[in-house]
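Undergrad: Sequence:
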Amino acid sequence: MMGVAGRIQNIRAKKNAVGDPAAPMATDTASEWAFPAIRGVQAGGEYYSIMVRLRDISRPFAPVDAKLPPELRAQRVLSRTRVPKIADYITSNPTSYTLPALVGAVDGLPRFEPGHEKSHMGTLYIPRDMTVAVLDGQHRRAAVAMALSQEYVRKRRGSLGDESICVTLFVDAGLEKAQQRFADLNRFAVRPNNSLGLLYDHRDELAKLTRAVVRDVFLFHQLTDGEKTSVSGGSNKLFALASIHAATRALLAGFSGSFETARQIAVEFWTELTRVMPDWHEVGLGKIRASALRDRCVHAHAVVLEALGRVGNALLRERREDWKSVLTKLGTLDWSRAHRRWEGRAVVNSRVLKNAASVILTANLIKHHLGLELAIDERRYEPAQVGKDDRPGDEALRAVPGATAA
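Plus 48 on top of the position in the sequence shown (first one is 1) and you've got our numbering.
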């Protein structure tokens, strides 16, 4: 039987073989790139998973030639705004960043040398004159290069270039096959919705604050959908987590205090608000369905919730001492979708609308009802003085670029 020392030596050998950062990578030659690789079979053809040092990520992969027409490329053109964001993400989270595997295609036959006979693990040699196209992950590739080029990163994280990324590499013959593979890779891609992203994001302070609000405000905890960007027609939840997030962002706009102070302000405001919304409590008690309230009233929709966040921001600034008593006036506001005051604000042609313009116009009406002055930037959305007529008409929306009915 193998002794303890032998077992330890065997474990160390395996660790080095499968990716210990201290383990040596494969050695390049004058005519070939060399990468540690695992060989597999998919769709009847060989493909490889190779490990590439971050400092080497730019070398074997051909950059996208933006001058070529789309039909002569197998990738999309780089977005210059995305690359710095990803680079900043890498450098801001040096001990917790996550980079998914790249997917590439090589336009020739690389040479695979197994570690031992019939092994699927070994070294992949790619001739330097072969083209390797990145089919998925070109922004990550460019971002890594940008991160490594930044002087402060080199000083702070000298080992970043020694870290690695996995590349799934297919052997493709010709442009047409590479283009088809690019199309297939993106055929079923679905970005996680905003609510789910907020639920799982532990870095963003506002996301953490939103989760705290939902946890600590009883009615929100009871009636918030944590997975969907917007609640479906038949859902018995009132709001999506993404809507609470947008409304809380509006509530705390310009706030510069601590996280705990912000949490206390948000929880106190939203708790007080729920107390003057008896219809919401009716849903919470199961006396009416959320879907029925959505059909009948505007205050069961995200546009009004975010507008209330804007109103709350002004209320806490202007009426710091008596904001709770002012808030009770919401109990006298008619939230019916059929009321003409909402047309051209939260409602257009009998449909509830949510965009930047509709949120501001809805907040304007609520502020007027509470006796709050409109800010200068809010007044420009109004075609006439609010109060003479509670409905500005569709011309108010047409005056704002990008305002369209949903």
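For the record, the hints were derived by calculation from the structure and aren't laboratory data.
Watch out, some of these pointers could steer you wrong.
Derived EDC-like pairs (lysine to aspartate or glutamate); straight-line CA-CA distance at most 16 angstroms [to be verified]:
hint, residue 1, residue 2
1, Lys166, Glu94
2, Lys166, Asp155
3, Lys285, Asp249
4, Lys225, Glu94
5, Lys285, Glu211
6, Lys225, Asp155
7, Lys372, Glu308
8, Lys377, Asp327
9, Lys133, Glu308
10, Lys256, Glu308
11, Lys276, Glu320
12, Lys225, Asp252
13, Lys377, Asp425
Undergrad: If a hint holds in the structure, say so; if it doesn't, say that too.
TA: Verification of the hints:
{"no.": "1", "hint": "Lys166 <-> Glu94", "in the structure": "holds, 14 angstroms"}
{"no.": "2", "hint": "Lys166 <-> Asp155", "in the structure": "violated, 25 angstroms"}
{"no.": "3", "hint": "Lys285 <-> Asp249", "in the structure": "violated, 22 angstroms"}
{"no.": "4", "hint": "Lys225 <-> Glu94", "in the structure": "holds, 15 angstroms"}
{"no.": "5", "hint": "Lys285 <-> Glu211", "in the structure": "violated, 45 angstroms"}
{"no.": "6", "hint": "Lys225 <-> Asp155", "in the structure": "holds, 10 angstroms"}
{"no.": "7", "hint": "Lys372 <-> Glu308", "in the structure": "violated, 21 angstroms"}
{"no.": "8", "hint": "Lys377 <-> Asp327", "in the structure": "holds, 15 angstroms"}
{"no.": "9", "hint": "Lys133 <-> Glu308", "in the structure": "violated, 28 angstroms"}
{"no.": "10", "hint": "Lys256 <-> Glu308", "in the structure": "holds, 11 angstroms"}
{"no.": "11", "hint": "Lys276 <-> Glu320", "in the structure": "violated, 26 angstroms"}
{"no.": "12", "hint": "Lys225 <-> Asp252", "in the structure": "violated, 40 angstroms"}
{"no.": "13", "hint": "Lys377 <-> Asp425", "in the structure": "violated, 24 angstroms"}
Of the hints listed earlier, those the structure fails to meet are numbers 2, 3, 5, 7, 9, 11, 12 and 13, in rising order.
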